[in-house]
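Peer 1: Spelled out, the chains give:
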Amino acid sequence: MAALSRAEAGERDPARPVTIDLHDVGVRALNAEVHAPSASSYEVLNPQGAHSIAAGIHDEIDVHVRGHAGYFCAGMNQRGHVVVDGSVGTGVAENMMSGSVRVRGDASQSAGATGRGGLLVVGGSASMRCGISMKGIDIVVGGSVGPMSAFMAQAGRLVVCGDAGDGLGDSVYEARLYVRGSVGALGADCVEKPLRDEHRAELAELLAAAGLDHDPGEFRRYGSARGLYHFTSEHTGSY
Amino acid sequence: MQDPSQRGLRESATFDRASIAAIQHAARTGVYDIRGWGAKRAVPHFDDLLFLGASMSRYPLEGYRERCDTDVVLGDRHATRPLHLDVPVTIAGMSFGALSAQAKEALGRGASEVGTSTTTGDGGMTDEERGESKTLVYQLLPSRYGMNPDHLRAADAIEVVLGQGAKPGGGGMLLGQKISERVAEMRTLPAGIDQRSACRHPDWTGPDDLAIKIGELREITDWEKPVYVKVGATRTYYDVKLAVAAGADVVVVDGMQGGTAATQEVFIEHVGIPILAAIPQAVAALQELGMHRRVQLVVSGGIRTGADVAKALALGADAVAIGTAALIALGDNDPQYAAEYEAMGSAAGYYDDFQDGRDPAGITTQDPELSARLDPVEGGRRVANYLRVLTMEAQTLARACGKAHVQHLEPEDLVALTIEAAAMARVPLAGTDWIPGRGF
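Protein sequences appear in the order of chains A and B. Following our numbering, the numbering of the first sequence begins with 1 at its first residue and continues without gaps. Following our numbering, the numbering of the second sequence begins with 240 at its first residue and continues without gaps.
The shape of chain A in the complex, shown without the other chains (with noise of 0.2 Å):
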């Protein structure tokens, strides 16, 4: 389980947060400041939906975006916990080592897309591709999430509060997806599976971590058939 930001946690940096105003600098100087922080803790200011905001943090800072963001926000995060105070646009923490990423508002596609750990929490909706040949990470959507999402998940744990567009979980491996609205045409070798008690602590712990207080009851489990693990001609249909 991906540990809360310090922010989110409650704890205060003892430091005031260095401020980046992105009408003063560019990304690339905001970026550049980041990625070898002289401070524990930044805020970014009219961000105004720019690309690659807090992409490549490898260090465990606080980085606040009071704003909306563009492409690949805090992409390819290791350590780092980000918070962005609005919607951000498409792959939000793609490829997400470690750390936290908090969506206040809505995500476009791919959000938390090849991620291979920590936790992407999007308070609103997340659009389509959501978890894409995700690889480890905790997505935890308070929304709903678009079509295809899950498509190719290999490991770790979709979470959607709302409802699951077609397609959830096409040709997914050893991902676990919980949705807890409704869900349209399952995507290929996706299977609705027995919610378990272990499932339901796992649901807890990652809704807890979210700060959403839905019953981990009211959710329904998917994941793989495994029937698409060997390639056979008597699969034709399924691809």
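Among the clues, some could well be false.
[Claimed, not checked] A few chain B residues that don't get close to chain A, going by computed Cβ distances all over 10 Å:
1) 284
2) 567
3) 588
[Unchecked claim] With a Cα cut of at most 25 Å, we get these calculated SDA-like pairs of lysine to any residue:
4) 193(A) x 226(A)
5) 193(A) x 429(B)
6) 193(A) x 212(A)
7) 279(B) x 256(B)
8) 193(A) x 435(B)
9) 279(B) x 574(B)
10) 193(A) x 215(A)
11) 373(B) x 321(B)
12) 279(B) x 625(B)
13) 193(A) x 432(B)
14) 193(A) x 430(B)
15) 193(A) x 225(A)
16) 279(B) x 268(B)
17) 193(A) x 218(A)
18) 193(A) x 433(B)
19) 373(B) x 611(B)
20) 193(A) x 431(B)
21) 193(A) x 229(A)
Bear in mind the hints are in silico, worked out from the structure with no lab data behind them. C-beta atoms are modelled at their ideal positions from N, C-alpha and C, and glycine is treated no differently.
Use these hints to put chain B onto chain A, whose structure you have.
Peer 2: Same frame as chain A, now just chain B:
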């Protein structure tokens, strides 16, 4: 038994023995043929071009006395640390998983010895590979298997792979017998499954998104690393233009002869175009954008000799990449394994079952005993020898054309032996001024 043709029997040109065997295999097993290597069919290639050596109208350079340089800089468009290679022959992307760790290490050793680069593959970067490769290009593939920002930062360049010549439009494939525990762990997959890689990137779609993706990679690596974009040769003219527009520092074009570790036979033989047809398209696109030599062009797919290298450079490439040839240099298809190839139903010189993990040369396998047959030090020496021969052959031809640098070779130095090659390479048919498609 007397050869059937000696008895007056007639083999069908349409249903030849390979076609008959393929039908029989499909009927027997219910699965299509998956194999390694690249296209085996005959296609117009560099053999169909000839150099016009110097004589009365051109001055040649003296071999072994007058310099003919071979160095090349890749990726100086945006990156603060472009690559400086001593020779214009690089090692193409091949994964750990497809290849043994020993093979990857040997490729790194060989490339480093002659001052060129090697490339990771669909499966991440191994310590052996990074440790032995002075200059290592790290691939970003649709699967993102093993993708790690630490490795991104440890690499010398980044190659965004959209496709490869053996299967443009297709994703990677690694069959269960090669998904060892180590490979499975690196790829976050269950051991022993038949791995299917995605054919499209998970977090961007189309050239406009690619520009943003490349921007992210630059941001993560602080704008130090050159970013390559690799495409399989198909609509090369348009693909190169779009890659440049997306911000590529280097464009890599892989022709249909380019190899693969495992792909459907039907894909290998029927999708993509020969590298000979692709290079002039790529060069034309770069020239129209005013970016020829500013965005470097690396080409691959069927490079075997220094003549192939020289011809690719003469057509406008900045460097070439080798894959299959490098494996052969390591010992692939070596006659010393003839009995073992025969036992598997293949033969030395024909072996292409890279997908099944039983390579007696220890190259395309994850079997510990087979892999141990390949000594990375000796393999590296063989690769280095081969790279030097390629370079010296290219220099020989360049000097004969009066060039003090292999990159000074130009289309004007070439003629074609066939109308097809003349049309594709956009050089005159030998003995004429005729370039098909350009009138008389």
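Peer 1: Now tell me, hint by hint, if it's right for this structure.
Peer 2: Hints, one by one, checked against the model:
no. : hint            : verdict
1   : 284             : holds (32 Å)
2   : 567             : holds (28 Å)
3   : 588             : holds (28 Å)
4   : 193(A) x 226(A) : holds (12 Å)
5   : 193(A) x 429(B) : holds (19 Å)
6   : 193(A) x 212(A) : holds (23 Å)
7   : 279(B) x 256(B) : holds (15 Å)
8   : 193(A) x 435(B) : holds (23 Å)
9   : 279(B) x 574(B) : holds (20 Å)
10  : 193(A) x 215(A) : holds (18 Å)
11  : 373(B) x 321(B) : holds (14 Å)
12  : 279(B) x 625(B) : holds (22 Å)
13  : 193(A) x 432(B) : holds (21 Å)
14  : 193(A) x 430(B) : holds (22 Å)
15  : 193(A) x 225(A) : holds (9 Å)
16  : 279(B) x 268(B) : holds (23 Å)
17  : 193(A) x 218(A) : holds (14 Å)
18  : 193(A) x 433(B) : holds (23 Å)
19  : 373(B) x 611(B) : holds (23 Å)
20  : 193(A) x 431(B) : holds (23 Å)
21  : 193(A) x 229(A) : holds (18 Å)
Comparing the model with each earlier hint shows no violations; every hint is respected.
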